[in-house]
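Q: Sequence:
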Amino acid sequence: MSTYSRRDFVKAAAAAGAGLTLAVHFQGCGAELPGPPDGVLAPDAFLRLGGDGIVTVVIGRSEMGQGPTTGLAMILADELDADWARVRFVQGPAAKAYYNPALKAQMTGGSSSIRAGWLPMREAGATARAMLLTAAAERWGVEPGSCTTDAGTVRHRASGRSASYGELAAAAGLLPVPSGVPLKEPSEFRIVGQSLPRLDNADKVRGAATFGIDVRVPEMVYASIERCPVFGGTVREVAGEGEALAIPGVLKVVPLGDAVAVVASRYWQAVKGRRALSITWDEGRAAGLSSAGIAAEQDRLLGAGKGRVARRVGDADVVLAAAGSAVIEARYDAPYLAHATMEPMNCTAWVHDGRVEVWAPTQYQAGPGFVNGGGARGAAADAAGVATDDVTIHTTFLGGGFGRRLESDFVTEAVRVSKAVGRPAQVLWSREDDIQHDFYRPASAHHLSATLGPDGLPTAWRQRIASQSIIRNWVPRWLPDVAMNLAGVLEAGVDPSTVEGSADNPYAVPNLLVDWRELSLPVPVGFWRSVGHSQNSFVTESFVDELAAAAGQDPVAYRRSLLQGDPRMLAVLELAAERSGWGTPPADGRARGVAVVRSFGSIVAE
908 MSTYSRRDFV
918 KAAAAAGAGL
928 TLAVHFQGCG
938 AELPGPPDGV
948 LAPDAFLRLG
958 GDGIVTVVIG
968 RSEMGQGPTT
978 GLAMILADEL
988 DADWARVRFV
998 QGPAAKAYYN
1008 PALKAQMTGG
1018 SSSIRAGWLP
1028 MREAGATARA
1038 MLLTAAAERW
1048 GVEPGSCTTD
1058 AGTVRHRASG
1068 RSASYGELAA
1078 AAGLLPVPSG
1088 VPLKEPSEFR
1098 IVGQSLPRLD
1108 NADKVRGAAT
1118 FGIDVRVPEM
1128 VYASIERCPV
1138 FGGTVREVAG
1148 EGEALAIPGV
1158 LKVVPLGDAV
1168 AVVASRYWQA
1178 VKGRRALSIT
1188 WDEGRAAGLS
1198 SAGIAAEQDR
1208 LLGAGKGRVA
1218 RRVGDADVVL
1228 AAAGSAVIEA
1238 RYDAPYLAHA
1248 TMEPMNCTAW
1258 VHDGRVEVWA
1268 PTQYQAGPGF
1278 VNGGGARGAA
1288 ADAAGVATDD
1298 VTIHTTFLGG
1308 GFGRRLESDF
1318 VTEAVRVSKA
1328 VGRPAQVLWS
1338 REDDIQHDFY
1348 RPASAHHLSA
1358 TLGPDGLPTA
1368 WRQRIASQSI
1378 IRNWVPRWLP
1388 DVAMNLAGVL
1398 EAGVDPSTVE
1408 GSADNPYAVP
1418 NLLVDWRELS
1428 LPVPVGFWRS
1438 VGHSQNSFVT
1448 ESFVDELAAA
1458 AGQDPVAYRR
1468 SLLQGDPRML
1478 AVLELAAERS
1488 GWGTPPADGR
1498 ARGVAVVRSF
1508 GSIVAE
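Count along the sequence shown from 1, then add 907; that gives the number in my numbering.
Since the hints were derived computationally from the structure, they do not count as laboratory data. Wrong hints could be hidden among the right ones.
With a straight-line cut-off of 30 Å between C-alpha atoms, the simulated DSS-like cross-links for lysine-lysine are [said to hold, decoys possible]:
hint : residue 1 : residue 2
1    : K1003     : K1091
2    : K1091     : K1011
3    : K1159     : K1179
Using the sequences and the hints given, assemble the complete structure.
A: The structure is reproduced here in structure tokens:
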């Protein structure tokens, strides 16, 4: 891990002169890792151990504050029996070795970094530990089984001999890589489960960590981009180019078809040049789109026949039809939401000599081409007109992601600008750009109906959902055939992200129907932290409260009755109720509410 300061970089860049490429490792950036040199133990893509005893863990996930650079390193270090004080990390390059096994791409999403990395990182650490044991045993002429490890040292207790991992790295690196090495029992964990300082803390505190917005490359220019204020629009005419070029520092105005970039020596110069332009747009099919029009289309879909079935238990339609006026109904609406990451969208790209280098705070480095264009690497290759093998992705730290940086629009922009000007270019979005041109959490509308039995518990529950599909934007060919088991039957053509938190309703209802009606609109939508759960769990829990109120029952007691078949959910609910003092009178002017949700493998109650 480099401690190269920004001041050092500026001085070096100034001394580099025109035409000289300066190779710098930015802390937090991933470049193509060369093959390990002699004397280094590197049994796989995740681990490097040199003669200095430093354990370098290569991280294939993106660090945006959620901690995979430390969490994954802890998992590997525990199986390795490493000295945590000598553990470091580097960001891995865009490469198939770092594909997320849960998502089949090099992608950070779905709350999967630790879950999907648990076994590969354990296996990497255990394999390296076995090789170090063998190297020590061969040195001492003893059986590997007579040796033990702890805190970066191999010991032969019978003779009192010991050797550090650094001393053994070269010899261990020459050994065949074993397979099927036994893993620790949980009772043997020494690092996993501990509260340890994060490996990226110190560099972030002292300003040495490189986020996308911090990247500086020699001869780099800045671009500010004017995009159509209406989704999907294109440029018809550009006026004011002369006025923009007259502003000191402005170098070029670059038409991009659907946008116009102003390139300058400094960011603020580019912004001023952009403001000097007057652009006429062809607004496309989103022209005239309004909140009222969207709501009217949602209403039409909710009242139109049957949707695609996400889950069916019993026959809710029959029970509801027989109940007449005793049906309890509710309507819930959730709006479009922007991600509003703390670090605005940005990317630096350099198209040169038939190759592309990209420095990006991305959640999606690479993947199969049919998945949203193959991530940053695929997007850069397409924009530059080169093969993906000719693209290098340097992943920086992310100042928040929340799903927004799974998209690659900001990468495409930077590559197109760099190609047009023949220099490294950094595209930097303003906060206004960020809010107006996001891939939003889809707006959704929900109509719920229920009937209650003599005990006040629901005998039927029907939920209709109208929303756009994220999967249709990402992997259109998947949607007709997608199938998941959410404790029931998910009909072909249902986007699972639109019904999660509803189709997996944990409550025991004998007649349950959840269906989805697809809203077709030109508003760009994407994965937003917790995706469907962010709205569907709110709807589910709010409606349970409405049913409890109609039954005149306590909300916790009501949920307790409905969760008897789900002991884990019930246990979390009971613990939250106990810790909150549920059942005791709240202070004057205060009230208490309750919710319990299962999302992405975790159960949370508040």
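Q: For each hint, tell me whether it holds in the structure or not.
A: Checked hints:
The suggested pairing of K1003 with K1091 holds, with an alpha-carbon distance near 27 Å, which does not exceed 30 Å. With a CA separation close to 27 Å, the supplied pair K1091 and K1011 stays within the 30 Å bound. The straight-line distance between the Cα atoms of K1159 and K1179 is roughly 13 Å, inside the 30 Å bound, and the hint therefore holds.
In this structure, none of the earlier numbered hints is contradicted; all agree with it.
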